[in-house]
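Construct the complete structure from the given sequences, taking the supplied hints into account.
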Amino acid sequence: MDEVFGTLQWAGYISDGSPPASQRPTAYIMVLINQEVKTKAFEHDVGMAVENIILTALEEGVGSCCFGSVDRGKLRKRFNIPKKYLINLVIALGYPNESPVEEPFENSVKYWKDKKGLLHVPKRKLKDILHRNVITSEHTSPLYLTIRQIISPT
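So the number in the numbering used here is just where the residue sits in the sequence shown, counting from 1, plus 1.
Hints were generated in silico from the structure; no laboratory data involved. One or more hints might be untrue.
Keeping only pairs whose Cα atoms sit at most 25 Å apart, straight-line, the calculated SDA-like set for lysine to any residue is [what the hints assert, rightly or not]:
no.	residue 1	residue 2
1	K78	N89
2	K114	K78
3	K78	I88
4	K75	R125
5	K84	L9
6	K39	R77
Quick list of the computed label-pair ranges, beta carbon to beta carbon [claimed, not checked]:
no.	residue 1	residue 2	range
7	F6	E44	21 to 27 Å
8	G7	P123	24 to 30 Å
9	P21	I130	33 to 39 Å
10	L56	F80	24 to 30 Å
In this text, a Cβ means the ideal position worked out from N, Cα and C, and glycines have one as well.
Put into structure tokens, the structure is as follows:
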């Protein structure tokens with residue numbers, strides 16, 4: 002387990018954001034993409050699979066953290082992962098010991114810990130990324146969803 006833990010970039014905005022040994026994840030899932038058979042939409046497949054893993058874990062009381070900041074070279078060497086596999090993400094699983102506080106998004110995703118050690122995480126409101134029957138250039142969110150009404154509600 003330490004071989005995986007040491008390849009992950011934990012809480013980059015917080016100095017020494019790594020959890021202590023007693024609070025480290027109890028399992029890891031490496032998401033690998035076979036580049037010889039990947040589809041054009043593999044990113045969507047990964048997103049759906051990872052979301053289901055995270056939601057299933059949550060249903061069982063298991064917390065998760067998805068990492069894109071990974072030392073892929075170390076992982077590849079340690080686990081003898083063939084070159085044909087792209088190391089896409091690592092999902093860390095374990096039992097949560099903190100309850101982060103959601104903060105309003107104000108032009109930064111930078112999270113922080115307060116003096117009591119409580120984690121504060123900026124989040125966008127759904128109304129800021131989900132729009133009904135409209136697409137405009139005014140919104141700067143990296144995720145922009147629109148719902149188009151196809152059938153009249155009557």
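Each hint, compared with the structure:
| no. | hint | verdict |
| --- | --- | --- |
| 1 | K78 with N89 | 15 Å, holds |
| 2 | K114 with K78 | 34 Å, violated |
| 3 | K78 with I88 | 12 Å, holds |
| 4 | K75 with R125 | 34 Å, violated |
| 5 | K84 with L9 | 20 Å, holds |
| 6 | K39 with R77 | 19 Å, holds |
| 7 | F6 with E44: 21 to 27 Å | 26 Å, holds |
| 8 | G7 with P123: 24 to 30 Å | 28 Å, holds |
| 9 | P21 with I130: 33 to 39 Å | 35 Å, holds |
| 10 | L56 with F80: 24 to 30 Å | 26 Å, holds |
Comparing the model with each earlier hint shows violations of hints 2, 4; every other hint is respected.
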